[in-house]
Every structure is written in C-alpha cells, then in structure tokens.
Amino acid sequence: AQTVTQSQPEMSVQEAETVTLSCTYDTSESNYYLFWYKQPPSRQMILVIRQEAYKQQNATENRFSVNFQKAAKSFSLKISDSQLGDTAMYFCAFMIFNDMRFGAGTRLTVKP
Amino acid sequence: DAGITQSPRYKITETGRQVTLMCHQTWSHSYMFWYRQDLGHGLRLIYYSAAADITDKGEVPDGYVVSRSKTENFPLTLESATRSQTSVYFCASREAGGLLEQYFGPGTRLTVT
Chain F
1 AQTVTQSQPE MSVQEAETVT LSCTYDTSES NYYLFWYKQP PSRQMILVIR QEAYKQQNAT
61 ENRFSVNFQK AAKSFSLKIS DSQLGDTAMY FCAFMIFNDM RFGAGTRLTV KP
Chain X
1 DAGITQSPRY KITETGRQVT LMCHQTWSHS YMFWYRQDLG HGLRLIYYSA AADITDKGEV
61 PDGYVVSRSK TENFPLTLES ATRSQTSVYF CASREAGGLL EQYFGPGTRL TVT
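Chains F and X supply the protein sequences, listed in that same order. The C-terminal residue of the first sequence carries number 112 in this note's numbering, and the numbering is unbroken. The C-terminal residue of the second sequence carries number 113 in this note's numbering, and the numbering is unbroken.
Hints are computed from structural coordinates only; laboratory data are not their basis. Hints may be right or wrong, so weigh each one.
Listed below are several chain X residues computed to face chain F (Cβ distance under 10 Å; list not exhaustive) [said to hold, decoys possible]:
#1 Thr-77
#2 Leu-78
#3 Glu-79
#4 Leu-100
#5 Pro-106
Just the calculated beta-carbon pair ranges, DEER-fashion [said to hold, decoys possible]:
#6 X:Arg-9 <-> F:Gly-85: 22 to 28 Å
#7 F:Phe-64 <-> X:Ala-51: 28 to 34 Å
#8 F:Ser-42 <-> X:Ile-12: 18 to 24 Å
#9 X:Arg-109 <-> F:Thr-109: 38 to 44 Å
#10 X:Val-65 <-> F:Phe-97: 18 to 24 Å
#11 X:Arg-109 <-> F:Gln-56: 19 to 25 Å
#12 F:Ser-80 <-> X:Val-65: 44 to 50 Å
#13 X:Pro-8 <-> F:Gln-8: 32 to 38 Å
#14 X:Asn-73 <-> F:Thr-3: 39 to 45 Å
#15 F:Thr-3 <-> X:Lys-57: 35 to 41 Å
#16 F:Ser-80 <-> X:Ala-50: 20 to 26 Å
#17 F:Gly-85 <-> X:Val-65: 25 to 31 Å
#18 F:Asp-99 <-> X:Tyr-10: 36 to 42 Å
#19 X:Arg-109 <-> F:Gln-8: 33 to 39 Å
The beta-carbon is built from N, C-alpha and C at its ideal position, and this holds for glycine as well.
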C-alpha cells in the first residue's frame, strides 16, 4: 500500500528565513507524481508545487523548491524568504493513476 | 460562478439519517473526487469518477455512495450517517491528462450527532 509520512507535526520559522518540511513515501511503483499542497486557515487546498517521478530535476516555483530523492523516497519542501502568508498546514501527497494519498500534514507558523 | 462549489458548507445531522453533499464544477473536467479530512490523517480519498456514469472506490469508501449522471455534478451520499463520518469533506476535479493538478472545493463540515 502507498503511504506518505510527514514526521514534523509542527514547525515555526522567522519571517524572511528558510524552512524545510520533510516528507517520505512508500511505494513499489516507479511512475508516480508528488505534490505539496497548502491549506491556510480558510481551509482552501492550494497546490504549491508538483514533481513527476521520472524527472530528475527538482521542481521550483518562485520561493518554493523541492528536494526529490527517488531512491530514498523522500520529497522535502524548502520555503525561502518565508512570509507571514505562508502560515498554513502543508500536505505532501503522492499519486499513482487517480489514487492520491496525503500525509498527515505539517503546521507551519511564520513568526514576525 | 466559475470554479468548483460545494453545498452545504456546514451540516449537522443525526445518526442514521441520510445526507447528501453536493459538488458542482464549471470547467467540464473529466475527473472528480471526494475526500474526507480528519485530524491526524490528512485527506483520504473516498470515491472518484473518471467521467459521467463511471465511478470507482478510493481508500475509504465504506458507508458512502456516489453517482455522476452529469459531468459537472458529483454528489456524495451517506445512506445512514454514523458519528465516525463526522469530518470535513472536500470535492476536487481535474482535467484528463495535462498537469494532473486537482482543484479543490471549499469543503463541507459535516457533524453527525
């Protein structure tokens, strides 16, 4: 069975600093997709970044980047220049075909 | 309005009652999904649909029924609600192929007393 583990239930970071959120997953498949979603207090799920497993290059989106280690089944999210608006729950997700599995989430607080 | 909407946004029901959560999208996306979100579990897939009249089970389908007679609607029915079904329910949709990004609705908070 596919599982996703986020080992950091809560994290905090000072505004303008960098923080890394961890995610590991377990699968026997070789072709899959990985995502990070943000859920602010409004409860809306917002896609932050995605990564195709067949691509070796790590995805980046402005201040957000990932460190994808396929052999280690690790998919961490780095947030640079943290902003107060980054305060949210962050979910790592893993998808094969239409079956998307989410981790339990990391609550990130950005402090002024 | 364009996008994906869910109704109602909040619902309180009693154990044993039938309740239907509605989901509507205006993008004509092929795929639609239902998730539930509980503390400590993130989101878990209940059912999904690849097109009208095509549905399939997800990770936690027991106690739920879905249908999809029209592309834009994907209702989720709890035939006999239980307290363990108290949760926040999210509907999502995506187009076939492309970037595989799922677009989520605002969620429905369901409380079963």
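The hints, checked one at a time:
This hint is violated: Thr-77 of chain X has a C-beta 20 Å from the nearest C-beta of chain F, more than the 10 Å allowed. Against a cut-off of 10 Å between C-beta atoms, the interface hint on Leu-78 of chain X is violated, since the closest Cβ of chain F lies about 20 Å away. With its C-beta approaching chain F no nearer than about 24 Å, Glu-79 of chain X sits outside the 10 Å limit, and its interface hint is violated. Hint on Leu-100 of chain X holds. Least Cβ distance to chain F is approximately 6 Å, under the 10 Å limit.
Nearest Cβ of chain F to the Cβ of Pro-106 of chain X: about 6 Å, under the 10 Å cut. The hint holds. For the pair Arg-9 of chain X and Gly-85 of chain F, the beta carbons lie near 23 Å from each other, so the given range of 22 to 28 Å is met. Between Phe-64 of chain F and Ala-51 of chain X the CB atoms are about 33 Å apart, so this pair conforms to the stated range of 28 to 34 Å. For Ser-42 of chain F paired with Ile-12 of chain X, a C-beta distance near 21 Å keeps the hint of 18 to 24 Å intact.
Between Arg-109 of chain X and Thr-109 of chain F the Cβ separation comes to about 23 Å, which falls outside the hinted range of 38 to 44 Å. Range check, Val-65 of chain X to Phe-97 of chain F: about 22 Å between beta-carbon atoms, so the 18 to 24 Å window is met. Between Arg-109 of chain X and Gln-56 of chain F the beta carbons are some 41 Å apart, a value that contradicts the proposed interval 19 to 25 Å. Taking the beta carbon of each, Ser-80 of chain F and Val-65 of chain X are about 45 Å apart, inside 44 to 50 Å as hinted.
Here the CB-CB span from Pro-8 of chain X to Gln-8 of chain F is close to 34 Å, well matched to the stated 32 to 38 Å. For Asn-73 of chain X and Thr-3 of chain F, the hinted distance range of 39 to 45 Å is not satisfied, since their beta carbons lie about 32 Å from each other. A hinted range of 35 to 41 Å is violated for the C-beta pair Thr-3 of chain F and Lys-57 of chain X, which are about 18 Å apart. Roughly 38 Å separates the CB atoms of Ser-80 of chain F and Ala-50 of chain X, a value that falls outside the hinted 20 to 26 Å.
As the Cβ distance of Gly-85 of chain F to Val-65 of chain X is approximately 39 Å, the hint placing it in 25 to 31 Å is violated. Between Asp-99 of chain F and Tyr-10 of chain X the Cβ separation comes to about 29 Å, which falls outside the hinted range of 36 to 42 Å. Remark: the range hint 33 to 39 Å for Arg-109 of chain X to Gln-8 of chain F is contradicted by a beta-carbon distance near 26 Å.
Hint compliance for this structure: hints 1, 2, 3, 9, 11, 14, 15, 16, 17, 18, 19 are not met, and every other hint is.
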